[in-house]
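A.B. asks: Those protein sequences? They're chains A and B, same order as listed. Here the first sequence stands for residues 1 to 449, numbered as in this note's numbering. Here the second sequence stands for residues 450 to 531, numbered as in this note's numbering.
Any given hint might turn out to be false.
Straight-line distance between alpha carbons at most 30 Å, and here's what the computed DSS-like set of lysine-lysine pairs gives [to be verified]:
{"#": "1", "chain 1": "B", "residue 1": "Lys514", "chain 2": "A", "residue 2": "Lys89"}
{"#": "2", "chain 1": "A", "residue 1": "Lys96", "chain 2": "A", "residue 2": "Lys445"}
{"#": "3", "chain 1": "A", "residue 1": "Lys5", "chain 2": "B", "residue 2": "Lys514"}
{"#": "4", "chain 1": "B", "residue 1": "Lys514", "chain 2": "B", "residue 2": "Lys524"}
{"#": "5", "chain 1": "A", "residue 1": "Lys324", "chain 2": "B", "residue 2": "Lys455"}
{"#": "6", "chain 1": "A", "residue 1": "Lys96", "chain 2": "A", "residue 2": "Lys300"}
{"#": "7", "chain 1": "A", "residue 1": "Lys4", "chain 2": "B", "residue 2": "Lys487"}
{"#": "8", "chain 1": "A", "residue 1": "Lys57", "chain 2": "B", "residue 2": "Lys491"}
{"#": "9", "chain 1": "A", "residue 1": "Lys57", "chain 2": "A", "residue 2": "Lys324"}
{"#": "10", "chain 1": "A", "residue 1": "Lys84", "chain 2": "A", "residue 2": "Lys324"}
{"#": "11", "chain 1": "B", "residue 1": "Lys455", "chain 2": "A", "residue 2": "Lys249"}
{"#": "12", "chain 1": "A", "residue 1": "Lys428", "chain 2": "B", "residue 2": "Lys455"}
{"#": "13", "chain 1": "A", "residue 1": "Lys67", "chain 2": "A", "residue 2": "Lys247"}
{"#": "14", "chain 1": "A", "residue 1": "Lys4", "chain 2": "B", "residue 2": "Lys491"}
{"#": "15", "chain 1": "A", "residue 1": "Lys96", "chain 2": "A", "residue 2": "Lys4"}
{"#": "16", "chain 1": "A", "residue 1": "Lys324", "chain 2": "B", "residue 2": "Lys487"}
{"#": "17", "chain 1": "A", "residue 1": "Lys249", "chain 2": "A", "residue 2": "Lys208"}
{"#": "18", "chain 1": "A", "residue 1": "Lys5", "chain 2": "B", "residue 2": "Lys487"}
{"#": "19", "chain 1": "A", "residue 1": "Lys247", "chain 2": "B", "residue 2": "Lys514"}
To spell it out: a stretch of chain B is covered by chain A in this simulated footprint if at least three of its residues, at any positions, have a beta carbon under 8 Å from a beta carbon of chain A; those stretches are [as the list claims (entries may be wrong)]:
{"#": "20", "stretch": "487-500"}
{"#": "21", "stretch": "504-511"}
{"#": "22", "stretch": "515-524"}
Simulated from the structure, these hints should not be mistaken for laboratory data. Every residue gets a Cβ at the ideal spot worked out from N, C-alpha and C, and that includes glycine.
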Amino acid sequence: MTEKKAYSKPTIIRHSVGVQNKFGRPPATVPINRLDGFEVSELAEKYGSPLFVLSVKALRDRYRDLKRAFSTRYPNFQIAYSYKTNYLKSVCSILKQEGAWAEVVSGFEYDIARNIEVPGNQIVFNGPYKSHEELTRAFNDGAIVNLDNYDEMQVVEKVASELGKTLEVGIRINMDLNDPPWHKFGFNVEAGHAFEAVKRAEAGGKLKVVGLHIHTGTYVDDVTIYSRAAQGLVNFYSYIQEQLGVKLKYWDLGGGYASHNTLHGAYLPAEQTCPTFDQYAEAICPILMSGPFQAQDAPKLFIEPGRAIIDEPFSLITSVVSQKRLPSGQRGVLLDSGMNIMSSVQWYRYNFQSAQDSGTMLEDTIVYGGLCMNIDVLQASSSIPPVRRGDLLVIPHVGAYNISQSWQFIYLRPAIIAIEDGEVYVIKKAETRDYVQGFEDVPGKFITN
Amino acid sequence: MELQFKSELTISESGFLFDHSTGLTYTLNSTGQFIFRKIQDKQNAMHILNFVMQEFDVSEETAHKDLDDFVRQLKEFDLVSR
Numbered sequence: 001m002t003e004k005k006a007y008s009k010p011t012i013i014r015h016s017v018g019v020q021n022k023f024g025r026p027p028a029t030v031p032i033n034r035l036d037g038f039e040v041s042e043l044a045e046k047y048g049s050p051l052f053v054l055s056v057k058a059l060r061d062r063y064r065d066l067k068r069a070f071s072t073r074y075p076n077f078q079i080a081y082s083y084k085t086n087y088l089k090s091v092c093s094i095l096k097q098e099g100a101w102a103e104v105v106s107g108f109e110y111d112i113a114r115n116i117e118v119p120g121n122q123i124v125f126n127g128p129y130k131s132h133e134e135l136t137r138a139f140n141d142g143a144i145v146n147l148d149n150y151d152e153m154q155v156v157e158k159v160a161s162e163l164g165k166t167l168e169v170g171i172r173i174n175m176d177l178n179d180p181p182w183h184k185f186g187f188n189v190e191a192g193h194a195f196e197a198v199k200r201a202e203a204g205g206k207l208k209v210v211g212l213h214i215h216t217g218t219y220v221d222d223v224t225i226y227s228r229a230a231q232g233l234v235n236f237y238s239y240i241q242e243q244l245g246v247k248l249k250y251w252d253l254g255g256g257y258a259s260h261n262t263l264h265g266a267y268l269p270a271e272q273t274c275p276t277f278d279q280y281a282e283a284i285c286p287i288l289m290s291g292p293f294q295a296q297d298a299p300k301l302f303i304e305p306g307r308a309i310i311d312e313p314f315s316l317i318t319s320v321v322s323q324k325r326l327p328s329g330q331r332g333v334l335l336d337s338g339m340n341i342m343s344s345v346q347w348y349r350y351n352f353q354s355a356q357d358s359g360t361m362l363e364d365t366i367v368y369g370g371l372c373m374n375i376d377v378l379q380a381s382s383s384i385p386p387v388r389r390g391d392l393l394v395i396p397h398v399g400a401y402n403i404s405q406s407w408q409f410i411y412l413r414p415a416i417i418a419i420e421d422g423e424v425y426v427i428k429k430a431e432t433r434d435y436v437q438g439f440e441d442v443p444g445k446f447i448t449n
Numbered sequence: 450m451e452l453q454f455k456s457e458l459t460i461s462e463s464g465f466l467f468d469h470s471t472g473l474t475y476t477l478n479s480t481g482q483f484i485f486r487k488i489q490d491k492q493n494a495m496h497i498l499n500f501v502m503q504e505f506d507v508s509e510e511t512a513h514k515d516l517d518d519f520v521r522q523l524k525e526f527d528l529v530s531r
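Bound-form chain B, shown alone (with noise of 0.2 Å):
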């Protein structure tokens, strides 16, 4: 299943997001950056999942339901759909 954002969005370098349809700002830290550009390179879920784990120390685990969790927290401020 692929995450797309729901409209243009620009992150900086270190983890400041800015929603450019509403205005609204965000951080991120890095783990949650890590993700944020994996779905900008239009990865799906399973693969992100995958590259987590190749560049993180966690288990399966907690990195699944972690991503799950983070994903659902994207969806919940209107910022990505599924």
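This is chain A alone, in the form it adopts within the complex (with noise of 0.2 Å):
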């Protein structure tokens, strides 16, 4: 008996034109079938699908390459990480391991640093409301407060009738860098709101101004912006200094750093547009650097990258359930995770890469995530291989907001794994239903008869 060949789903693609050019991205044939070390199989059968897995070298890779490249254009130089993209305990300790301070914008963002034993002088504390509870508490932790609005200058200035001492602060700014300018955050420089705020603050006598802060946008992928940013900085600097004798001893840029994800609409993959973290300091650095102050009293130079450091160290395995044709002739595959879990499918074209060896035969395919609901559709066009039930799919690069911003909804949220130095750490269970309803409670009026 002749021995049979080896099977692969039948296929028929469909030739168009007009859609590769010379900048393609290379055709995702190549499956992902281990993950630091691990096979993908075996990590989901023993913790589940879908499964989040953190490769935690990839995040000190990214933290220190970061560091590198400004550190070694700027003299006094801090990261502190964006704890909104992603405040997993595990995470937000191995970035404090490596030296990071945290950006929190919610007194709860605050409590997460402190209950990892952050000190408070290296919490930096932003966001547009902050209670006065908290603002007492951060600076009587003396954490670093950026304030964003006059409403909140008056209570840190009752703060500091409370506490009997002068309180340091920074004043959050905007510029018009972007199309459409970030107003929301702090005060407009253009027109002159950001020099009144900083007279008022040290007009009353309880405030002394020692820091800006500037947030220029989120996914900036154009380092000229950045670069604006910081000759604004520098011009706004030099002004109050002259006008009001202000020392900053820091100034911050904000967030906004990009990730090697592709957004929607973008013509080109993000592997080629993404910026290097060398190109992105080299914008900025040697533009601080001619502030009106010598070298060595450079303010310190805060970032606050989160994306950009967390993006790329996390990916999700997930399952395919299902497939279907529809009407168009399209293919349709469906999944065991939904948008729930990965809410950045909004802005970004994420790579769908097959676990398993698929062959090479690329299909259009809109990718259906596993929520009862018409609006859970993951990618509406992705050129992945052939796929049958049960066999698993790898999306890199999804860390950033997709825990953070993750919601309960029809199923459990699935376990989150660190694998380092080949050793795997379950770091957040996966839910059950215990869990879920466990601060509900029913009285008992609802339930006897």
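Hints given; two lone chains; assemble the complex.
C.D. replies: Given below as structure tokens:
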């Protein structure tokens, strides 16, 4: 009896013209069947699917690369990690080990930082709303506090009176750098509001302005925006130094640094457009060093990266549940993960990579999430090889926002594991019904007949 | 039930398919080519399923499901009628 041939799903691909170009992304035909030395199939079998996987090495490497790029160009530099992008305790702890300070934007995030013993004087407290109690705690701890608005300034003046001392503060400013401009945070420079705010803070006699903070936007892959922000900071500092005698202890360029994920509508893939950390640093540091000070007195430079260091180290393992043929002829694939744990599908065109050898015949596919909601589409058009129920896919670069913005809906949220030096650690268990309903109570009158 | 191509089609040995009526081109993988040639030989769907199972190492369940999907796709591409 002759041996049968190896089988692959029968596939026909219609050719289309005008969509490929010489800058196109290489086809995703090479499977990702291992993550940091572990078989994807074994991880899914042991810890379940879907499953978030953190490569600790990748996280440390990203952090160290960023730190190297800036600290070799600016003498007094500090990274404050943006907790909101992913505040898993393990992530925050690893970055604390690496020397990161915490950038927090709420009392809850502040508490997370203190809970893992980040010293108060290594916390940068931003965010447009901070309560009286939270501000009092922050100043008692020696945290860096950047003020967003006049209402907050008045509260901080009250805190200063209650504590009986002058409080050092930073002022959040914004400039017309983007289209549309980011005016939500802080006081606008071009309209003169920022100067008035610094003047007002100093005039009250209870606050001393020692810092400036600016946030240029989110996923800013045009480094010239950072150059303009840096030049704006230098100009503004020179002006308030001359007019008001302000001497800065720090300036903070916020976050917004891009990651290697491609935005919807982007012509080129992020592999070709995402600036390197060296390009960001080169766009910022030489301009700041032209500021009104001697090099040895340079104000401390903070940056607050989030996605740029936390996106790449995380992958999501997910399973194919079914596939169907749509009336258009397009293939639809349904996964066991949904947009409740992948909220960034709103912004990113993720890569869906097969975790097993599935051949090289890529087919245009609509990728549906597993939620019973029509809007749960993870990607309207993705080229993926033939797959069948039970096959595993790996979605790389999912670390930013997907976990901190996830919501429990219909399904329980999955486990999260970390891998380092050949060891696997469960850093968050999969949810259970008891966990989800633990805070609920049903009054007896709703139960008895 | 017999499957039939709607227009004259030419397929190369490497699986490159040209539709003379529309000018559109396609690529088929080896299993797709195998099935395509059986359709050209005027085999019906049940026979094609048997041929696939004789030729390839595949369960009936998988082969059946995949053949159905393949034929649906040929139909959506306006290449075959049933």
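A.B. asks: With reference to the structure, classify each hint as holding or not holding.
C.D. replies: Tested hints:
| no. | hint | verdict |
| --- | --- | --- |
| 1 | B:Lys514 <-> A:Lys89 | violated (45 Å) |
| 2 | A:Lys96 <-> A:Lys445 | violated (49 Å) |
| 3 | A:Lys5 <-> B:Lys514 | holds (19 Å) |
| 4 | B:Lys514 <-> B:Lys524 | holds (15 Å) |
| 5 | A:Lys324 <-> B:Lys455 | holds (24 Å) |
| 6 | A:Lys96 <-> A:Lys300 | holds (18 Å) |
| 7 | A:Lys4 <-> B:Lys487 | holds (18 Å) |
| 8 | A:Lys57 <-> B:Lys491 | violated (58 Å) |
| 9 | A:Lys57 <-> A:Lys324 | violated (38 Å) |
| 10 | A:Lys84 <-> A:Lys324 | violated (37 Å) |
| 11 | B:Lys455 <-> A:Lys249 | violated (77 Å) |
| 12 | A:Lys428 <-> B:Lys455 | violated (56 Å) |
| 13 | A:Lys67 <-> A:Lys247 | holds (26 Å) |
| 14 | A:Lys4 <-> B:Lys491 | holds (23 Å) |
| 15 | A:Lys96 <-> A:Lys4 | violated (57 Å) |
| 16 | A:Lys324 <-> B:Lys487 | holds (24 Å) |
| 17 | A:Lys249 <-> A:Lys208 | holds (11 Å) |
| 18 | A:Lys5 <-> B:Lys487 | holds (17 Å) |
| 19 | A:Lys247 <-> B:Lys514 | violated (73 Å) |
| 20 | 487-500 | violated (count 0) |
| 21 | 504-511 | holds (count 5) |
| 22 | 515-524 | holds (count 7) |
In this structure, the earlier hints numbered 1, 2, 8, 9, 10, 11, 12, 15, 19, 20 are contradicted, and the remaining ones agree with it.
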